[in-house]
Amino acid sequence: MLLSSTSTLENKTIVKYHGLVNGESLIGSNIYKDLFSGVRDVVEGRTSTYAEELESARNEAFQTMEDKAKELGANGIIGLKISYNNLGGTMGNTILVTVYGTAVSYK
Amino acid sequence: MLNKIKQKINDLTITKRLKDEDDRKVLLKEIGCIDIGIIVGIVTYVICLYTHFDIYGWNFGLVLSPLFAGYAESLAAKRYLEESTGAISAFILFLITVVYGFIISNPTLGFNVITAGSIVIILQAAFPIAVNYFLIATVLGIISHVTGVFNKITRFIWNAYEKIFKREPKTKGIYIEKRNTKKSSFYDGELDMNKLGVLILTMEDSPKELNIIEYKGIYESSHIFSVKRRKEIKSGIEDSLENELLICAKIAEDKALLKLIKQLRADGCNGLLNLNMAIETLGPSKGENLSHVVMRGTGVIFEEKEDVSSL
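Sequence order for the protein chains is R and Z.
In terms of this note's numbering, the first sequence opens at residue 1 and continues consecutively.
In terms of this note's numbering, the second sequence opens at residue 1001 and continues consecutively.
If you are wondering where the hints come from, they were derived from the structure by calculation, not from laboratory data.
All values reported here derive from a predicted model rather than from experimental measurement.
Treat the hints with care, since some could be wrong.
Chain Z side only, calculated, beta carbon under 8 angstroms to chain R, not exhaustive [to be verified]: (1) Gly-1197; (2) Leu-1199; (3) Leu-1201; (4) Thr-1202; (5) Glu-1209; (6) Ile-1213.
EDC-like cross-link-like pairs, simulated, lysine to aspartate or glutamate; straight-line CA separation at most 16 angstroms [stated by the list, open to error]: (7) Z:Lys-1208 x R:Glu-10; (8) R:Lys-107 x Z:Glu-1209; (9) R:Lys-81 x R:Glu-71; (10) R:Lys-81 x Z:Glu-1204; (11) Z:Lys-1025 x Z:Glu-1083; (12) R:Lys-12 x Z:Glu-1209; (13) Z:Lys-1195 x R:Glu-71; (14) Z:Lys-1262 x Z:Glu-1204; (15) R:Lys-70 x Z:Asp-1192; (16) Z:Lys-1029 x Z:Glu-1082; (17) Z:Lys-1208 x Z:Glu-1304; (18) Z:Lys-1195 x Z:Asp-1035; (19) R:Lys-81 x Z:Asp-1205; (20) Z:Lys-1262 x Z:Glu-1220; (21) R:Lys-81 x R:Glu-60; (22) Z:Lys-1195 x Z:Asp-1254; (23) Z:Lys-1029 x Z:Glu-1083; (24) Z:Lys-1216 x Z:Glu-1303; (25) R:Lys-107 x R:Glu-10; (26) Z:Lys-1259 x Z:Glu-1304; (27) Z:Lys-1078 x Z:Glu-1021.
Yeah, the Cβ is synthetic: ideal placement off N, Cα and C, and Gly gets one too.
Work out the full structure, taking the sequences as your base and the hints as a guide.
What follows is the structure, encoded as structure tokens:
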């Protein structure tokens, strides 16, 4: 599956536009996880832990989106967009990762 | 053996510095700066003692003399060396004031709990990292190992947590039933957004394979959603919070997109260019988080071509 944030694919011909595909993932809405992340913040362990969790969430969102594209018969996603949204939480750590793009078939 | 000791003395930084003429001059200047600090500190302490500058028997000289000593040393070092000497005089004054204030002027001081506590506090002030490490790591570690008190405390906290939050609450069944009813009443999870007669594209540029007959302008839709956290926590299924919030977010996205598609269809559009989605938190209120999904893009009418679009 080819993923691209560009509007077109150079040297490739798009034969079909399938439409919108998206994927979501969420981390850190558990109240106790939030509390412990606050503790980790004190001992400077938060950055790496959160980076790992964010990467895991991003991969999960990508996987969902790619699965949807495959279901539509697409072999590429263009105009890809990623957004990270803080949905609040007990300590403001609930982060929603959203990825979306246009599923296409190209040759 | 003697040669080895001599070698070790020669290896010391101070011994090396004394051999070099320039280094020796710098070292003497450093010692001079420290001396200035000590003199200023002692003078301050004497003035404080002489003027009885104290409150409830506690003399301010104990604080002011190390402070002034360090300040004077730093000023002198800055002027003559253009670098800091580490306020060594402040530490020396600290020792002088403690020895004088607690031992010389109190010859009847006996060894009791208060004296022992005072010694610990004085040592803690003089060597904070070493003493704190000793107190926290060594002393607490030995107490914990011998008595098992921390093990008991953590076990108690865990048991209390399990008792309060992990029990089967009476409201759990009612809550799950309500949640399921709520979802099924307004949302069809099987709905395919790409089969509603509007080709949604996320690209900024119009695709060269599709001809645009008309641009209809910008379209925007939104949907507000929330998760009642407090109710969930009370219902004892806080582990499902993440899943619940994710489902709510997905439903909100789909509902906002549906609203957008309805608007587009009403205006005769069969395509949307440059779809942008934004999710904003509108502010938590009493455990309830309110979020706002906004979808916007440019409505267009594509020339329908079966071979390149899913229309």
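Hints, one by one, checked against the model:
Taking 8 angstroms as the C-beta cut-off, the interface hint given for Z:Gly-1197 is violated, the closest approach to chain R being about 11 angstroms. Of the supplied interface hints, the one on Z:Leu-1199 holds, with its beta-carbon coming within about 6 angstroms of a beta-carbon of chain R, less than 8 angstroms. At a threshold of 8 angstroms, the smallest CB-CB gap from Z:Leu-1201 to chain R is about 5 angstroms, leaving the interface hint in force. Interface hint status for Z:Thr-1202: upheld, as the beta-carbon distance to the closest one in chain R is roughly 4 angstroms, under 8 angstroms.
With a cut of 8 angstroms, the hint placing Z:Glu-1209 at the interface with chain R holds, because the nearest CB-to-CB distance is about 6 angstroms. Interface hint at Z:Ile-1213: violated, since its Cβ lies 16 angstroms from the closest Cβ of chain R, which is beyond the 8 angstroms cut-off. Proposed proximity of Z:Lys-1208 and R:Glu-10 is supported: the alpha carbons are some 12 angstroms apart, at most 16 angstroms. Taking the CA atoms of R:Lys-107 and Z:Glu-1209, the gap is near 13 angstroms; set against the 16 angstroms cutoff, the hint holds.
The straight-line distance between the Cα atoms of R:Lys-81 and R:Glu-71 is roughly 20 angstroms, outside the 16 angstroms bound, and the hint therefore fails. For the hint linking R:Lys-81 to Z:Glu-1204, the alpha-carbon distance of about 11 angstroms falls within 16 angstroms, and the restraint holds. Among the hinted pairs, Z:Lys-1025 with Z:Glu-1083 is consistent with the structure: their alpha-carbon atoms are about 15 angstroms apart, no more than 16 angstroms. Restraint check: the Cα-Cα separation between R:Lys-12 and Z:Glu-1209 comes to about 12 angstroms, which is no more than 16 angstroms; the hinted pair holds.
Pair hint Z:Lys-1195 plus R:Glu-71 holds up; C-alpha atoms about 13 angstroms apart against a cutoff of 16 angstroms. For the suggested pair Z:Lys-1262 and Z:Glu-1204, the alpha carbons sit about 22 angstroms apart, so the restraint of at most 16 angstroms is broken. A hinted pair counts as satisfied when its Cα atoms are at most 16 angstroms apart, and R:Lys-70 with Z:Asp-1192 qualifies at roughly 14 angstroms. Restraint check for Z:Lys-1029 and Z:Glu-1082: satisfied, since their Cα atoms lie roughly 11 angstroms apart, inside the 16 angstroms limit.
Restraint check for Z:Lys-1208 and Z:Glu-1304: the C-alpha separation of about 14 angstroms stays at or below 16 angstroms, so the hint holds. For the given pair, Z:Lys-1195 sits about 87 angstroms from Z:Asp-1035 by alpha-carbon distance, which is inconsistent with the 16 angstroms threshold. As the CA atoms of R:Lys-81 and Z:Asp-1205 are separated by approximately 14 angstroms, the hinted pair is consistent with the 16 angstroms bound. A hinted pair counts as satisfied when its Cα atoms are at most 16 angstroms apart, and Z:Lys-1262 with Z:Glu-1220 qualifies at roughly 11 angstroms.
Pair hint R:Lys-81 plus R:Glu-60 holds up; C-alpha atoms about 15 angstroms apart against a cutoff of 16 angstroms. Taking the CA atoms of Z:Lys-1195 and Z:Asp-1254, the gap is near 13 angstroms; set against the 16 angstroms cutoff, the hint holds. In summary, the hint linking Z:Lys-1029 to Z:Glu-1083 is supported, as the alpha carbons are separated by about 11 angstroms, within the 16 angstroms threshold. Taking the CA atoms of Z:Lys-1216 and Z:Glu-1303, the gap is about 14 angstroms. The hint holds against a cut of 16 angstroms.
Simply put, R:Lys-107 and R:Glu-10 have alpha-carbon atoms about 11 angstroms apart, close enough for the 16 angstroms limit, and the pair holds. Restraint check: the Cα-Cα separation between Z:Lys-1259 and Z:Glu-1304 comes to about 23 angstroms, which exceeds 16 angstroms; the hinted pair is violated. With a CA separation close to 21 angstroms, the supplied pair Z:Lys-1078 and Z:Glu-1021 exceeds the 16 angstroms bound.
Checked against the numbered hints above, the structure breaks hints 1, 6, 9, 14, 18, 26 and 27 and satisfies the rest.
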